[in-house]
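Combine both chains into one complex, guided by the hints.
In order, the protein sequence lines correspond to chains A and U.
Residue 1 is where the first sequence starts when you use our numbering, and the numbers rise one by one after that.
Residue 1 is where the second sequence starts when you use our numbering, and the numbers rise one by one after that.
If you are wondering where the hints come from, they were derived from the structure by calculation, not from laboratory data.
Computed from a predicted structure; not experimentally measured.
Certain hints may be false.
[Stated by the list, open to error] Below are the DSS-like pairs computed for lysine-lysine, each with C-alpha atoms no more than 25 angstroms apart in a straight line:
id : chain 1 : residue 1 : chain 2 : residue 2
1  : A       : Lys84     : U       : Lys53
2  : A       : Lys84     : U       : Lys186
3  : U       : Lys114    : U       : Lys170
4  : U       : Lys396    : U       : Lys377
5  : U       : Lys185    : A       : Lys84
What follows is each chain in one-letter form.
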Amino acid sequence: MGRFLLKRFFQTILILIIISILAFSLIHIIPGDPVYAMLGTDISPEYHDQVYHSMGLDLPLVKQYFRWVGNFVQGQMGYSYHFKEDVSTLVARRLPPTLILGILSAVVSVILGLLFGIITAVRRGKPIDSVLTVLANIGIATPIFWLAVLLVFVFSLRLKLLPSWGFTFPWVDFGRSMKQMVMPVLCMSVGGIASYTRQTRSSMLEVIGQDYIRTARSKGLKESQIIKKHAVKNALIPILTLIGLTLRNSIGGSAIIERAFNISGMGSVMVEALSARDYVALQSGIVFLALITCVCNLLVDIAYAYADPRIRLE
Amino acid sequence: MKKLAKALSLLLVVAMVLSLAACGGGNTVPNNSGNNNNVAPAEPKILKIATVKTINQAGFPSAAGTDQKVVATTVLESLGRYDDKGNIYGFLAKEIITKPEEPAIVLKLQEGVKFHDDTPFNAQAVCEVYDILKENGQAAQFANVESYSATGEYEVTIKLKAWTTDAVEKLCIGCGQMFSPTAFKKNGIDWMYTHMVGTGAFIQKEFTIGDKIVCEKNPNYWQPGLPVIDGITIYQFDDETAAMNALRTKDIRLIIYPNMQNYKTLLGEGFTRYGVDSCTGIAGVLGMFFASGKEGQDVTNLKVRQAICYAVNKEGLANAFTEGLGVVTEQLGVAGTRENNPAVKGYPYNPDKARELLKEAGFTADHPAEVTLTFTKAYEDIFTAVQRNLTDVGIKVNLDITDNIGDKITMNGADPYVSICWWSAPTMVSGWFRYYSANPFTMVRDCLDLKAAGVIDLYDKIMTAATPEEQKKLMDELAIKTVDELCLYCPFYHTLSYYIGDDTIINSDFGMRGNTQWTPETVDFK
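Extracted from the complex, chain U is given alone in its bound form (with noise of 0.2 angstroms):
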């Protein structure tokens, strides 16, 4: 007993003085500025990231949610990419040829680009690509796909059964994230789950679900002097407040995003927020669709649509929900992106014009006219704020809280439903009716028929417009109808799209989905 004190002892007092002496040396956070000129040799500029979720997935079959999206376009490139007012542009596929009239859609292969397993990036690997991603739950994004096939070593000719204009988003982004199919056919689908195997100017190392993702330079990278870095490290952290104090210490350089409070913090700190809002597919609107399963409810009344829409305090909202990081929104189509139409007047905060619209429509306060708010527990804080604006006009609010939005609305009615609440990507325009689109009399039953309202024609011309002026054009047309004219929903706000760091990566278009943000230009590791 003495004998193994003693010894325990000693292996302390050994541990201690080892511990003292490796804290001597000042800052102990690994330092990955490079610009010491004390040291000899530059450490590698390796880009580290936190993230706050758990990513035990990437970039197969897609990439789904910005964590995943962040991960997968740092290995993987895509056929097409968005620009800055979310436009298409071929990127892999260096040119994307619509036909509308054939209808038919053609890609131009980017030519001597090889996947990080050396096998070659053409026009076969696309169309083995196309094979594998429908026979892996992708199937529904080539249902109005006819054919596709190499119609030369660097080109791809896609016939459609008609002509969409969400076609090329389809299948440039939404299917057009490329991996190599030898790799998916030598390796099988559970070892695709995480390992990325691409194009991108960053080769996937280590995969370790839980804790880090370690991608190391192309070497060979098809755009000449890419990467001007030598390695990205996603790190997990399971605790936020441990990567905040991990990007305070520069021992990480972003956080992707954390939550709207932690976030406010670090910016108040002076940390920088990178994101890009008008990129399609960024920004999420929350609010709420009319809707009703029921014959005879108040909101098949216009004039009570537009109350609901004046007596909701959307900036309040946008305070209260948001940290004030929130933009109210009066569409769908958020500011900056082509979907949005600045025409569009919508509702802004009055309740007194509510109460006057609602008296119009022959409400009273003996005779109020009620609605059913219907979301799910997540938003029950903001709906119950909700029923407070629309209680103090006059209108009698039941809550009701749901397990599956979607489960109610094809449920042919059985309820009676006047909101849903709906956080989606909305610069989409696709998105916009997926509801819709899916069961448009349903949804909205009695509140109005869509058809005979011109909307779902309208909303056919766009998917089917033969050019982006035209597309656009039926755009504002259907955002103008939408709220204006008939009021089918009521957007409350819509959140930034961010990530927070210092300034490591400024001007390096960080951010946007679908691009090699991973490429910066502007690298400062101070």
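Isolated chain A (complex conformation) (with noise of 0.2 angstroms):
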């Protein structure tokens, strides 16, 4: 176990290197001078040049990039010419509010997605394995800023029960933080609710027939508790990728409902630092993403090795 985590996390540490490569090289893809590029041609050739300098343009290739990681790592992120402010401050307060939509809507999905998955499985056939598999297929195929405009268009502004717009933290007022949150998290849960349903009706399908289900039976189990012992758990094993996948998701495609619901995070600050040609702060911002990103992938290796001991021995 300890082999195969130390070999995840080097392949880890390696991702990110190659990504920081590529974020790296973004600001000298660009064509012209990236000063410029980011402030206009009307800016000084003094504050060029202090620009310029500061952002250690003016250092070989090679050194530029191990100083940017530097101060990666030390926290350093750079100076956001558009947003004012150091990119390492800008990330501090906006990622919080895409990270808790982020994990809340990984975990509803999750949650509610099993839940779904599992009881369309058990229930094949039925009525209600009718109705949740195609709510599960309406669910994929609708896109979220559709969803968003109909749920403001209904809970704010012909119900009126819940806010249009926002993000205040849990902490701060919880009442309105609940509010707030419900139509972001619903728009940001349903397509992985949708998908965990389908995937986990397929893949507990699959389970229930397996020889050691009919087994089970045949010892006069009931059958509650062979779905609870004995399907569930296995069939979860190939669900635990898609969880990884789920939260990545959900935090870098943020973007969209941020917008929706004018809630200041992390998408909405790449969508704007990428219009404002502001390499700085995307550059960090591309960083970041991927090392969520590999963190969760990371976390999901982890407990796949966890849940299936083949995993563990190969």
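Take a look at the structure:
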């Protein structure tokens, strides 16, 4: 197990190094002078030189990279000329809403998706299976921006139950925070719930048809016990892989939801940095999201190995 | 695994229960009304505004664009302001004394005013602000300034190299927005971009780019009794639909410049339009300037220029491209401003008249007049429509899409131009000839010798007029000359300034550039 984890850890480090090189290259790939590209050509030559020097662009390329990585590791991600603050401060302020929404929606997706998946598999061919399967298909096919518009129309404009925008941390105002998070989390979860439902259903059906389930039945065990003790545990193994992806997708793909509900999160920072050619913020944002993805994948690998002894033995 | 699933299920159930509990209160949108009798202590009256553009700096060295101006004027005040007729009156400089004969301007400042960092606003502060602005990108505004000095604790004397009528505008409004020079010296230029330290009715408390700008009431504001609300918060919305929804739920009270389609939708839903049409610098005109960079162009012929003006269906363009919100204009000074001359006849849409003029000029179907429309990509649709208008009357039209109109103008006629798309603040006469004054003969070249036609001379007289009355008379003359006599440009329409909101701040002067619109007298947080 230790060796397996070590191997996965080094793989993660390698991936991060590759991504950091790609992100670092961003500023050098763009045509022309990166400072003029970021700040426009109206700036004075003195200011240009000052920014050029402060970004370390006058250093050799390799030195620039190691300086950038070194600073990044120490939490110094550079200064964003668009957001006019240190990127580390920007990330520290804008990442938490995205993380909270991402984690919450991942939790909701996993729990409801698994629940619905198990129900549809156990009740295969029954009305509840049909209903949930249809709903899952609808959930997969529903664009989240459209769902966001629909939810706002119903719950904010018509029923006046929920605020249509904004984000408040739960420790600042719990009630308001919950109200504000219901619709974004729902939007971000729908796709996940649908995917998990379908995946869990097919995985469960496969497991239910296995010999050891038949053996359990022949031993006279109750159906509920068979499902709980034998089927679910084994059916969940392939689902674990999806969990890491869900979290990554929730965090990395939060831009649409942040925009629809006007939440100041990391997704909107990335979009704005891109449109404002704020390469410093973009570089750090890319590496940060890559880091989160890698950590998620690593955790999933660990969980996978924990759940399936075959992985550990391999 | 089982334990984890149980824990997560429990967490979800708790979260759902709490969510439902939180949703149970009916209208959950924060209500700023303060007229709810059940709530004992009145909620602070915070005016919440949405901007749909990223404001990543405000006020320093000067506010550019409507959104920045709205933010800046919340905190910063200027030496002078425009009244609703476009005249400048003294504000932080309670008196602006012009002395064209010297030439000089004397500013008598309000006494007892303090910046938000508690440093005094006085003559020395004004001079220091001017120093800072000169060194930070505003030197051109001071090109005509010989010197400025504090001639008393609350008196500044500005000596000019030559008298120009736009000097007061440049020095009291353009560079007249007062920020604390002490704050600048202490914190530096980068800090100043997002930290406004002024004398205004509201004090900036937070400026988070991409999120919000929070301003609180200045308890020591120099105008007694003001402001009447407790604060202003300006939220940035990346998505206009989200801003519109927030307005509908009364979570915000106003949207600054949504796109015209959304504006019209909200207007149709009963929201109120704010904005001052006749205020200098507010409206913008879209149109064409005639110019030619090559000899022998057809637009050198006055009748061709007039035919073009008659051929353009301005009403149709306004309806098609402004959701019906544009107002057709025949001159650059829009109706209601002092630059407007009602006596200008202009060229109302008349294709038959256009054909007649072309015939008189000697152009036929076999030998049509030929023009090239030069514009930037953003205006492609509108100039394609103009092309259709001109083709209908028998003019051959070439389209020339460019990245930079300015480069084309100053390239000394490398390409033939017959029109320039120009979006501007037309009510400032100094702006009318922005391009002409920079390089007057290059721009029009063979179209017309502006000097010989007396346009440059008239323009110079306007810019050096000693009194507003004299200036007005000359401006009226210039409008007649450039439109009816010489047909130098072909304006299409001007758009109204527009902000849209509920009736929270009705009659508050909101939208007047340079006004402290944040001291509304009729705030009603219904």
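CA of Lys185(U) to CA of Lys84(A), is that 25 angstroms or under? OK: Lys185(U) and Lys84(A) at ~18 angstroms, within 25 angstroms.
Verify the proposed pairing of Lys396(U) with Lys377(U), using a straight-line Cα cut of 25 angstroms. 21 angstroms, holds
Does Lys170(U) lie within 25 angstroms of Lys114(U) when you go C-alpha to C-alpha? 23 angstroms, holds
Assess, step by step, whether the Cα of Lys84(A) is no farther than 25 angstroms from the Cα of Lys53(U), and give holds or violated. Status holds; Cα separation ~16 angstroms.
Going straight from one Cα to the other, do Lys84(A) and Lys186(U) come out at no more than 25 angstroms? 18 angstroms, holds
Of the hints listed earlier, there is not a single one the structure fails to meet.
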